[in-house]
Amino acid sequence: MLDIVFRNLSTRKVRTFLCMLAVLAGVFLIGVTVVMNNWMTKMMTAELARYMGKIYVQQGGSSYPPFDSSLSQDTAIKLLARTDLMLNQSASAPLIFIRTKRGMMPFMPADEMVIGIPVGQETILLGKAGAAQGVDHFPAGEQGNVALLGSTIAKQFDIVPGDEIQVNNVGVRVIGVLEESSMDSVNIAAIMPLEAVQRIFDKKDLVSSILITPNDVRQAGALAEQLRSEYPSLAVVTQEDMLAEAEEVMRQPLFYMSSMGVTGIVVAMIVIMSTMFMAVSERTREIGILRALGAQKRKIFGLVLGEALVLAMAGIPPAFALVYIMSAIMEASLPTPAQIAQIIGAALFAAIAGGCFPAWRAVHVEPLEALRYE
Amino acid sequence: MSTIIETRNVRKVYGMNGVNVEAVRGIDLAIKTGEFLAIIGPSGSGKSSLLYLLGAMDRPTEGEVLFEAQNIAKMNDRQRTDLRAKKIGFIFQTFNLLPTLTAIENVEISMRLGGMPRGERWRRAGELLQKVGLAERTRHLPRHLSGGERQRVSIARAIANRPLLLLADEPTGNLDSKMGTDILELLRAIATDDGQTVVMVTHDFRAASYADRVLVLRDGRIRGETRLQGAKDSNQALRQLLNLELLRYTEKGA
Chain A
1 MLDIVFRNLS TRKVRTFLCM LAVLAGVFLI GVTVVMNNWM TKMMTAELAR
51 YMGKIYVQQG GSSYPPFDSS LSQDTAIKLL ARTDLMLNQS ASAPLIFIRT
101 KRGMMPFMPA DEMVIGIPVG QETILLGKAG AAQGVDHFPA GEQGNVALLG
151 STIAKQFDIV PGDEIQVNNV GVRVIGVLEE SSMDSVNIAA IMPLEAVQRI
201 FDKKDLVSSI LITPNDVRQA GALAEQLRSE YPSLAVVTQE DMLAEAEEVM
251 RQPLFYMSSM GVTGIVVAMI VIMSTMFMAV SERTREIGIL RALGAQKRKI
301 FGLVLGEALV LAMAGIPPAF ALVYIMSAIM EASLPTPAQI AQIIGAALFA
351 AIAGGCFPAW RAVHVEPLEA LRYE
Chain B
1001 MSTIIETRNV RKVYGMNGVN VEAVRGIDLA IKTGEFLAII GPSGSGKSSL
1051 LYLLGAMDRP TEGEVLFEAQ NIAKMNDRQR TDLRAKKIGF IFQTFNLLPT
1101 LTAIENVEIS MRLGGMPRGE RWRRAGELLQ KVGLAERTRH LPRHLSGGER
1151 QRVSIARAIA NRPLLLLADE PTGNLDSKMG TDILELLRAI ATDDGQTVVM
1201 VTHDFRAASY ADRVLVLRDG RIRGETRLQG AKDSNQALRQ LLNLELLRYT
1251 EKGA
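Residue numbers (our numbering), protein chains in the order written: chain A, 1 to 374; chain B, 1001 to 1254.
Same shape as in the complex, but just chain A:
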């Protein structure tokens, strides 16, 4: 009966096209949701990968980045001075994080920030990122209002070394613009000497957190456990904790996006249902003829359901083409085969769920009643 299905669809071109469009929109919405999820996960994992083996000690109850954390610098210095801990002192330092602009997305805690770091220890934060313009470190002993700007923020405001920027209404001279860093937080930050940040933001003798690098990456877990037991009032954040926290933060946007995808499928289902319902009403007579000629109820059911499925299948390839274009634009990873199967499954589910009721109605067309339309 598939030939009859195709004949019906090709005869009612406009209806077929509109129904396909609805399926396309539904599948596209799910596809975009998947791509967005992939994109967010990729960004999150890429960002968190930079923190591998690093431990942040901050005020108890605060989250990472520790904008809301406040520790005494004295505590930080004493902790870092301990030789009994398995920490790499030259690669550990107290830091101060100030958020100057909130992030647009929940999983992006800030769009702009200021990070204060002791002079001479910039590389702990900057890693291999050198200077794109100017210098990539503070002059020895510098405690003035100077800043190294992250690449994103410098590009955004078209700032070059020598320019002056305003930080908390205080003029700060830019002495270097950094290359793009693997850490997104560096790219959107103005990195300044710790003392200068404390002065500008009135946080004398306070820091946000202590960045600790273990002697051996493999000892990070054990070191974190030791710190937790010895400093129960402080929060000891490892890469795993950050991941858990990021997942918690992302749960809501992911839920909303998934809801968007589900809405897409529900809309597609409703469109299929109403279209097929209309088609069955319009074709009551044809269905009656088929029944009169000896078409069993299951064949009529299959005919209507088959039509809904063909419509769904026809909407899937163009929707995927759009999803692939979208993912290319976003530089997000393409849906995995399992995700593709899920999307196709969802579209087919919409077709079956949307087609069942009209098919059930079609099955109950009595041949005699249909032919009485004469």
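There could be a bad hint or two in this list.
List time: in silico DSSO-like cross-link candidates among lysine-lysine, alpha-carbon distance up to 30 Å [unchecked claim]:
no.: 1; chain 1: A; residue 1: Lys203; chain 2: A; residue 2: Lys297
no.: 2; chain 1: A; residue 1: Lys299; chain 2: B; residue 2: Lys1032
no.: 3; chain 1: A; residue 1: Lys297; chain 2: B; residue 2: Lys1074
no.: 4; chain 1: B; residue 1: Lys1086; chain 2: B; residue 2: Lys1131
no.: 5; chain 1: A; residue 1: Lys78; chain 2: A; residue 2: Lys54
no.: 6; chain 1: A; residue 1: Lys54; chain 2: A; residue 2: Lys101
no.: 7; chain 1: B; residue 1: Lys1032; chain 2: B; residue 2: Lys1074
no.: 8; chain 1: B; residue 1: Lys1074; chain 2: B; residue 2: Lys1086
no.: 9; chain 1: A; residue 1: Lys299; chain 2: B; residue 2: Lys1087
no.: 10; chain 1: A; residue 1: Lys128; chain 2: A; residue 2: Lys155
no.: 11; chain 1: A; residue 1: Lys54; chain 2: A; residue 2: Lys203
no.: 12; chain 1: B; residue 1: Lys1131; chain 2: B; residue 2: Lys1178
no.: 13; chain 1: A; residue 1: Lys299; chain 2: B; residue 2: Lys1086
no.: 14; chain 1: A; residue 1: Lys203; chain 2: A; residue 2: Lys42
no.: 15; chain 1: A; residue 1: Lys297; chain 2: B; residue 2: Lys1087
no.: 16; chain 1: A; residue 1: Lys101; chain 2: A; residue 2: Lys42
no.: 17; chain 1: A; residue 1: Lys128; chain 2: A; residue 2: Lys78
no.: 18; chain 1: B; residue 1: Lys1086; chain 2: A; residue 2: Lys297
Covered by chain B, according to a simulated footprint, are these stretches of chain A (three or more residues, beta-carbon under 8 Å) [to be verified]:
no.: 19; region: 5 to 19
no.: 20; region: 351 to 362
Worth flagging that the hints you see were computed from the coordinates, not collected in a lab.
Remember, it's a predicted structure, so these values are computed and weren't measured experimentally.
Glycine included, each C-beta is placed from N, C-alpha and C at the ideal position.
Please build the complex by placing chain B on the supplied structure of chain A, with the hints as guidance.
For chain B alone, coordinates are given in the frame of chain A:
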């Protein structure tokens, strides 16, 4: 000749807007294999209702409809559908062709529903369209065919499964007299040459004159019957039937 279908005290009551309408009121009828029977009567006489009961499209309210001794009234939907697909052919006044299928596809589909193998049904569909004079019109959609051509396709479709019983509901009702004659001759040939049983419902005495036997139905009951085949003068027999009808109207008028 054996009896292919018979009815025993068949009644059919329809509920319409809360009012019961008795369309068929206790009809006893037996139709022999190979017979061409015409059922004649005015509108609302119950002739179409009787035809649909004979065709397993409907179930009687009371009584029995025996098709090859099997009571249709006791069959479930699947069994009645199967019976229609394999043993009964229908010709409708308004042709009832599927508008999206071509002439040959309309013929082929009834064989598909009847379970005929694919190759055979396409070959036979072509042959049947040739038989009804539409060899050149096989790929045309119904909307591109004339009324007479559509009815020929409908006849080809109805006989495609070599049904034991061919039911025609006012087959010439929507055709001009020339086309109507062609269709009636075709039905006559199907009964005479192929030995198929034909039951035709009509309100046209001229159409009824092609049958072997004519039943007059009025108010859901059989009011008269005449056998044309074997009559010395079929026109006279028909005239008698016509007189019977006229007499009824005269009596009613008086």
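Hint by hint, here is what the structure shows:
{"no.": "1", "hint": "Lys203(A) <-> Lys297(A)", "in the structure": "79 Å, violated"}
{"no.": "2", "hint": "Lys299(A) <-> Lys1032(B)", "in the structure": "33 Å, violated"}
{"no.": "3", "hint": "Lys297(A) <-> Lys1074(B)", "in the structure": "18 Å, holds"}
{"no.": "4", "hint": "Lys1086(B) <-> Lys1131(B)", "in the structure": "21 Å, holds"}
{"no.": "5", "hint": "Lys78(A) <-> Lys54(A)", "in the structure": "19 Å, holds"}
{"no.": "6", "hint": "Lys54(A) <-> Lys101(A)", "in the structure": "25 Å, holds"}
{"no.": "7", "hint": "Lys1032(B) <-> Lys1074(B)", "in the structure": "22 Å, holds"}
{"no.": "8", "hint": "Lys1074(B) <-> Lys1086(B)", "in the structure": "18 Å, holds"}
{"no.": "9", "hint": "Lys299(A) <-> Lys1087(B)", "in the structure": "19 Å, holds"}
{"no.": "10", "hint": "Lys128(A) <-> Lys155(A)", "in the structure": "19 Å, holds"}
{"no.": "11", "hint": "Lys54(A) <-> Lys203(A)", "in the structure": "25 Å, holds"}
{"no.": "12", "hint": "Lys1131(B) <-> Lys1178(B)", "in the structure": "18 Å, holds"}
{"no.": "13", "hint": "Lys299(A) <-> Lys1086(B)", "in the structure": "16 Å, holds"}
{"no.": "14", "hint": "Lys203(A) <-> Lys42(A)", "in the structure": "35 Å, violated"}
{"no.": "15", "hint": "Lys297(A) <-> Lys1087(B)", "in the structure": "18 Å, holds"}
{"no.": "16", "hint": "Lys101(A) <-> Lys42(A)", "in the structure": "23 Å, holds"}
{"no.": "17", "hint": "Lys128(A) <-> Lys78(A)", "in the structure": "28 Å, holds"}
{"no.": "18", "hint": "Lys1086(B) <-> Lys297(A)", "in the structure": "16 Å, holds"}
{"no.": "19", "hint": "5 to 19", "in the structure": "holds (count 3)"}
{"no.": "20", "hint": "351 to 362", "in the structure": "violated (count 0)"}
In summary, the numbered hints that this structure violates are 1, 2, 14, 20.
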